[in-house]
Amino acid sequence: MPKAKQNLLSNAAVPVRKPLPPAYGKQIMEPYKPKHGLRHRILQHRTLYLLFIPVFAYFVLFKYWPIAMAWIVAFKELQLGSGVFDSPWVGLQNFRDIFGSPDIPNVIRNTIEISLLRLLFGFFPPILLAIMFHDMVTRRLKKWLQTFVYIPHFFSWVIVFGVVFGFFSVGAGFVNNMLDALGFARHEFLLDANWFRPILIGSALWKEVGWSTIIYLAALATVDAQLYEAAVLDGAGPLKRIRYITLPSIMPVVTFVLCINLGFLLNAGGEQVLLFYNDAVMDRADIIDTWVYREGLARLQFSIAAAVGLFQSVIGLALVVICNAFAKKISGRGIW
Amino acid sequence: MIHSKADRIYQIVIHIIVIAIVVSAIFPLIYVLGMSLTGQTEMMERNYFVIIPHEPTLSSYERILSSPLIWKSFFVSVFRSAAGTLLMLALTVVGAYVLSVRTLPGRSVMLFLVLGTILFNAGLIPTYLVVKKLGFVDSIWVLILLYLVDSFGLLVIKIFIENLPDGLIEAGKIDGAGDIQMLLRVVVPLAAPALAAIGLFSIVFHWNSWFDAMVYLNNASLFPMQLILKNMLTAASGDMMSTFLSNTAGVTPESMKMATVIVGTLPILLVYPFLQKHFVKGVYLGAVKG
Chain A
1 MPKAKQNLLS NAAVPVRKPL PPAYGKQIME PYKPKHGLRH RILQHRTLYL
51 LFIPVFAYFV LFKYWPIAMA WIVAFKELQL GSGVFDSPWV GLQNFRDIFG
101 SPDIPNVIRN TIEISLLRLL FGFFPPILLA IMFHDMVTRR LKKWLQTFVY
151 IPHFFSWVIV FGVVFGFFSV GAGFVNNMLD ALGFARHEFL LDANWFRPIL
201 IGSALWKEVG WSTIIYLAAL ATVDAQLYEA AVLDGAGPLK RIRYITLPSI
251 MPVVTFVLCI NLGFLLNAGG EQVLLFYNDA VMDRADIIDT WVYREGLARL
301 QFSIAAAVGL FQSVIGLALV VICNAFAKKI SGRGIW
Chain B
1 MIHSKADRIY QIVIHIIVIA IVVSAIFPLI YVLGMSLTGQ TEMMERNYFV
51 IIPHEPTLSS YERILSSPLI WKSFFVSVFR SAAGTLLMLA LTVVGAYVLS
101 VRTLPGRSVM LFLVLGTILF NAGLIPTYLV VKKLGFVDSI WVLILLYLVD
151 SFGLLVIKIF IENLPDGLIE AGKIDGAGDI QMLLRVVVPL AAPALAAIGL
201 FSIVFHWNSW FDAMVYLNNA SLFPMQLILK NMLTAASGDM MSTFLSNTAG
251 VTPESMKMAT VIVGTLPILL VYPFLQKHFV KGVYLGAVKG
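Residue numbers (full-length UniProt numbering), protein chains in the order written: chain A, 1 to 336; chain B, 1 to 290.
The set of hints was computed from the structure by calculation and includes no laboratory data.
This structure is a prediction, so every number in the text was calculated from the model and none was measured.
Calculated pairs, DSS-like style, for lysine-lysine (alpha carbon to alpha carbon, straight line, at most 27 Å):
1. K281/B - K328/A
2. K72/B - K132/B
3. K277/B - K143/A
4. K5/B - K142/A
5. K142/A - K240/A
6. K277/B - K142/A
7. K5/B - K240/A
Here are the in silico distance ranges between beta carbons for each label pair:
8. G106/B - D234/A: 55 to 65 Å
9. D234/A - I17/B: 22 to 32 Å
10. V78/B - G37/A: 50 to 60 Å
Idealized CB from N, CA, C, for every residue including glycine.
Generate the whole structure from the sequences, applying the supplied hints.
In structure tokens:
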């Protein structure tokens, strides 16, 4: 079928007869053929261009100017007091400084480790929870449980940090109170470098596990219920139905979400880390986003910080492009 | 779907697991609420282990809500959420409509311009340098201008407009409607559900943001509520909190902090039950179209 269709459109030797206007449904989209000159068409659409001016201005001022700035500042040595124009070009010096410095390798390692840990522990729980929600037969109870489990998603990281403080602080935290009641010693969880990452990832899971089920539930809502009925007739138990119907139905979405997550490998959640870390855990906690914030805005090392940010963005773009191609290949669904 | 013994066991197991997850999602909030309602004396007597206070007191809340800074920041947050969302919706729907017109010369370049901002992020420092150059450091407008167009939402709405039945736009054209009339009379009413979903997410985003204010603003009277709450929560001791609040006697710093958390969540908890359905629809929209 597709082959015939293609011939009809591309074979120029055969005169293509105009198809009869279809009686129902959408008209076949023909390639747009301009009837007038470019100038005329631009004038014809002048209102649209005028309408687009504010949108265009926004993109130029707040998106593309900063992007241009990133590529310039990263290769200059921006000094306080002198503008971007007057500052000298230094070639790759900023990048040499970064990778020669003692902090950055550690910061990049922390970033990748925290991202991968987030993926490892944060990726599967929402899938499992979505499958369980999908299979629950108690409809009203299920609705209520969903309503409650979505709530933490709407809290800011500031609030999540407050809740974590309420749970883990030494003097009044719930966990420490429980330890105390059970006869164990209280522990400074928030100042313990070994506990930083579990608390960071655990609290992110607490915030997002419910909400992240929605994208999978959206995919499952389109599965034909007859498939399950047929499987039951064939004697498939609940686990077999998950294995052969539920999981295959959400696989495209799973690859899609995985792909997006990998694209953010170098963004390990700056806002959250900035709130949660402190001097005691810095060594295991400092990531690119927090380092750029401190180095760039607190210590005013604009060029070095911009160079690190540029490195992060370029790698991020490359990862998204690679993952997208990969996702398209194995699941037929990409981001674009 | 209960057909066998295995199904029944499976249902019991998943109900237990899901209920356990939901309880652990909600319990921390109950603990925080309990702490926030506990006075200093009871806290001392019960060695700081209070889930349900015997003598609940609102004094932590009185202290927090008597701070003028909190109220000021509340109105800053309301302003940025309302103005930021309305302006964003206006520009986003206009952009989406313009880019949905297939005959527009230069359309593909404009589309690429939008897509490019989703794929490549300028980073914190370059954006800061530009904002500074434009003179918006220490202006409340920076919190709105930075998010004036939602590129992803624009693409979603553009596809939405393109998928409208052809007849609608054509009929409007034949009736002699110009682009602006078409936008206001046809596109906005029809795209209203999609716009509402994008608007809701924008409100939550603005309400919860604090990092941008920390970067671009120095004047504490312009801080949004979440940044004030953040400063109160990360203040190391009760002494530091007293720089925000005039009088902290009678309540422990712990209950003050927990009351802070409740004050920060309350506005969201109050509107959430009414809007939950629309939020979920919004994700479906993004999931199906994106």
